[in-house]
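There are 2 protein chains.
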Amino acid sequence: MAKQDEIQVALLGIGVIGSGVARTLLMKGSAYAEQLGFQLNLRHILERDLHKADEVPVDRGLVSDDPRTVLDDEAVDIVIELLGGERPAYDFIKEALSSGRYVVTANKEVMAKHGLELMALAQEREVDILFEASVGSGTPVIGPLRRDLSANEITSIRAIINGTTNYILTRMSKEGLDFDEALRQAQSLGYAEADPTNDVEGFDAAYKVAILASLAFHTHVQPDDVYREGITSLNARDFRYAQELGYGIKLLAVARMEEDGVDARVHPSFVPREELLANVDGVLNAVQVEGDLLGRVLFQGPGAGPLPTASAIMADLMDAARSVAAARAGRRGDRLPWRAGRPLRMKPVAELTTRYYLRMEVADQPGVLAQIARCFGDHGVSIASVIQKESDEVAQTAELVIMTHVAREESVQKTIEEAGKLAVVSRIGNLLRVES
Amino acid sequence: MAKQDEIQVALLGIGVIGSGVARTLLMKGSAYAEQLGFQLNLRHILERDLHKADEVPVDRGLVSDDPRTVLDDEAVDIVIELLGGERPAYDFIKEALSSGRYVVTANKEVMAKHGLELMALAQEREVDILFEASVGSGTPVIGPLRRDLSANEITSIRAIINGTTNYILTRMSKEGLDFDEALRQAQSLGYAEADPTNDVEGFDAAYKVAILASLAFHTHVQPDDVYREGITSLNARDFRYAQELGYGIKLLAVARMEEDGVDARVHPSFVPREELLANVDGVLNAVQVEGDLLGRVLFQGPGAGPLPTASAIMADLMDAARSVAAARAGRRGDRLPWRAGRPLRMKPVAELTTRYYLRMEVADQPGVLAQIARCFGDHGVSIASVIQKESDEVAQTAELVIMTHVAREESVQKTIEEAGKLAVVSRIGNLLRVES
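Line order of the protein sequences matches chains A and B.
Just so we're aligned, residue 3 is where the first sequence starts under the numbering used here, counting upward by one.
Just so we're aligned, residue 3 is where the second sequence starts under the numbering used here, counting upward by one.
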């Protein structure tokens with residue numbers, strides 16, 4: 003039987019993050035009990051691979067590979083979901099909420115795809131789903147957005163929310179490495195996975211910005227609504243030119259509330275070097291939020307790792323535990339309400355207006371610039387500066403680095419398409435957007 | 003009569019911040035009502051100077067200069083205290099809590115001196131006192147410390163929490179201005195008051211770090227426990243030398259939990275230029291918190307201004323309003339408990355160990371450095387570098403800039419005292435501590 007002064011916790015998944023949570027509970031459980039006024043008791047661990055538990059000093063009797071053993075136990079008050087991926091995590095969370103349990107999760111994919119539905123379900127069952135760890139690991143972002151900034155109309159979010167790519171970009175920038183070499187370094191240090199697609203193609207950041215935009219704008223931005231470009235085509239030269247021009251290159255996740263819709267994007271961006279965001283290096287994460295009252299505020303901290311993630315999960319766990327205790331005492335905690343999602347138009351990237359950086363290889367001969375400039379002018383894209391970079395004497399080509407004034411993405415794309423057809427243009431290099 | 007679906011709010015003080023709050027309530031009241039599910043009704047404004055209300059578009063019938071009219075009205079649910087200063091603010095807050103009202107305040111002096119007592123009183127009366135606006139205006143700091151970081155043992159806080167001095171130091175650093183000139187600029191822009199003592203002597207920052215340290219370490223750090231030095235003796239030369247040595251100069255508020263006690267200080271510090279804190283410029287605030295699980299996290303944003311402050315106050319107001327509504331529905335909100343203060347030893351600054359920067363004027367003649375170096379050696383203070391700066395040919399003096407290795411403050415102070423007595427030392431300039 004569960005004791006009255008104990009809160010019963012089930013942990014789903016005991017991988018890297020799950021074992022960090024289990025260790026933290028063991029190590030600091032008595033300190034938490036003192037804070038809360040009651041014990042947090044780890045009652046079940048669900049794990050397909052029973053041997054994984056061997057590395058964590060937990061009672062083997064707690065570990066089961068049968069979801070029913072865990073989910074059917076009525077004594078469980080709070081379920082911590084750390085399985086990752088969409089299924090079966092989504093089904094387990096839904097079942098836990100439906101049966102009146104609080105859920106704490108670090109699952110960005112489930113929250114990005116099903117957050118609205120799960121929060122509505124939690125509210126209906128008078129419980130809550132807490133997911134601070136899903137964005138920025140232990141760096142507080144979700145909590146501040148839901149509570150501390152709630153008096154603001156949020157107008158924009160600009161974030162570095164993938165530590166793997168930020169590590170790679172930092173190495174490319176500081177050491178002049180190419181992407182492949184920087185990726186290998188990241189892999190050897192454990193900062194990138196063997197298959198790095200999820201990170202380097204921006205899927206992970208797109209999940210996270212979908213969550214942030216949904217909370218900030220009180221709507222439901224789906225991950226598929228987020229325009230996405232990865233960092234694999236970036237080149238050491240881009241970093242050299244960016245530096246000369248006074249910029250850093252970051253994989254920014256951006257969400258803006260504009261009059262004609264929500265603009266949500268993940269792509270490598272030029273960031274002015276004097277901005278703090280341009281100076282967030284290595285595996286750190288940073289989220290900048292702009293609100294109508296507050297102006298700009300920035301949260302910066304670790305974006306990954308078992309202990310920082312456990313920091314967020316344990317804070318959510320204690321929050322949920324206080325509500326469980328209040329409910330036992332016959333009071334329902336005043337949970338933060340989730341404002342029903344209002345449908346908002348998603349702005350296609352074609353409607354974006356910003357400044358652009360473009361690198362292209364052209365024939366090293368007179369009259370070339372005039373042809374290219376005409377092509378830009380024809381589409382109403384105004385050139386701010388052109389720098390001719392090193393020439394390849396064998397191929398008789400030169401490299402042009404073009405910065406535009408503010409232009410419309412659609413026009414810029416048409417310009418590039420047309421410029422690419424010019425006989426004097428041998429290759430269109432990277433097109434990068436400026437975020438400031 | 004107060005309506006059941008309305009929350010009744012009393013505002014004490016309608017100065018710069020108070021009128022920002024009143025305007026925000028008028029402008030965004032319906033948006034907040036939608037979020038909350040009930041109206042926030044501004045029922046009273048207490049203000050000694052009745053003419054102040056003329057500048058705010060509120061019903062003049064709400065304004066009273068009689069505290070009894072406001073505090074004796076039993077319909078009031080939430081009191082927003084924006085009078086500033088210790089008295090009568092402290093008495094009004096105490097009375098409001100005693101009679102079962104929630105209190106929202108921006109008052110750093112009251113919270114630093116009486117926070118523990120007021121929070122205990124609130125808990126006893128089953129209400130709460132919310133004070134996010136007391137540190138860093140709208141930048142979330144108190145909320146994250148109380149909730150999001152609650153699973154951590156906080157080990158240190160390093161903060162830039164006074165916008166006025168940070169503006170002055172930024173001007174001194176970027177434009178080579180002297181303190182007096184930078185202060186005049188700050189005053190003409192409204193960033194510094196006519197009597198700037200509270201800011202430039204570090205009192206304001208000492209209040210704020212006392213609040214942060216009390217929350218972080220679960221104790222009660224009094225403002226008088228905080229070692230305090232202002233910025234008035236800083237000189238354009240200090241900034242030049244700092245830059246040459248790779249540092250910025252910031253008025254840092256520091257609180258560390260150490261084995262032998264709490265180390266809490268406010269003084270100008272050398273900060274390595276590669277740290278984000280060294281790059282927080284102008285009137286911005288930034289708070290860096292270090293915890294055992296999380297590592298370091300940084301919150302950065304505006305540190306003053308009526309709208310950013312209103313952002314924090316309105317978020318606290320909505321938080322309190324949700325609890326009032328829960329209480330009316332027969333449920334008591336599960337407020338965050340305040341852990342009873344444990345008495346901790348305060349470490350005197352004499353026990354500090356860090357690196358030091360010291361500037362002194364000495365006779366420009368052979369053998370001087372040997373005498374000074376011996377003086378340092380006698381007290382066990384190891385010199386890391388000495389740079390001899392410009393000489394004054396008329397006075398026949400030279401300026402020495404000394405960086406020490408890690409040393410004990412007590413020894414450094416004795417060294418300086420003794421060096422000051424040497425015939426070859428004509429003046430001891432600034433002594434600054436390095437924080438990294």
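Please note that the accuracy of each hint is not assured.
Copies of the same chain look alike in the list, so a pair counts if it fits in one copy or across any two.
To be verified - Cross-link-like lysine to aspartate or glutamate pairs, in silico, EDC-like; alpha carbons within 16 Å at most:
| # | residue 1 | residue 2 |
| --- | --- | --- |
| 1 | K30 | E155 |
| 2 | K30 | D294 |
| 3 | K391 | E246 |
| 4 | K349 | E411 |
| 5 | K115 | E395 |
| 6 | K54 | E261 |
In case anyone wonders, no lab produced these hints; they're calculated from the structure.
If the cutoff is 16 Å on CA atoms, where do K30 and E155 land: within, between, both or neither? Let me know, please.
-> between (38 Å within a copy, 9 Å between copies)
Q.
Checking an output row: K349 and E411, CA cutoff 16 Å. Within, between, both or neither?
A. Within one copy, since 12 Å is at most 16 Å while 59 Å is not.
Query raised in the report: For the identical chains here, do K391 and E246 meet the 16 Å Cα criterion within one copy, between copies, both, or neither?
Result: within (12 Å within a copy, 33 Å between copies)
Intra/inter-copy verdict for K54 and E261 if alpha-carbon distance must be at most 16 Å: neither (51 Å within a copy, 36 Å between copies)
Handout entry: Up to 16 Å CA-CA - D294 versus K30, copy category
Key = Answer is between: at 11 Å across copies they meet the 16 Å cutoff, but 40 Å inside does not.
task = State whether the alpha carbon distance between K115 and E395 is at most 16 Å within one copy, between copies, both, or neither.
result = Neither way: K115 and E395 sit 52 Å apart in one copy and 74 Å across, limit 16 Å.
The structure is inconsistent with the numbered hints 5 and 6, although it conforms to all the rest.
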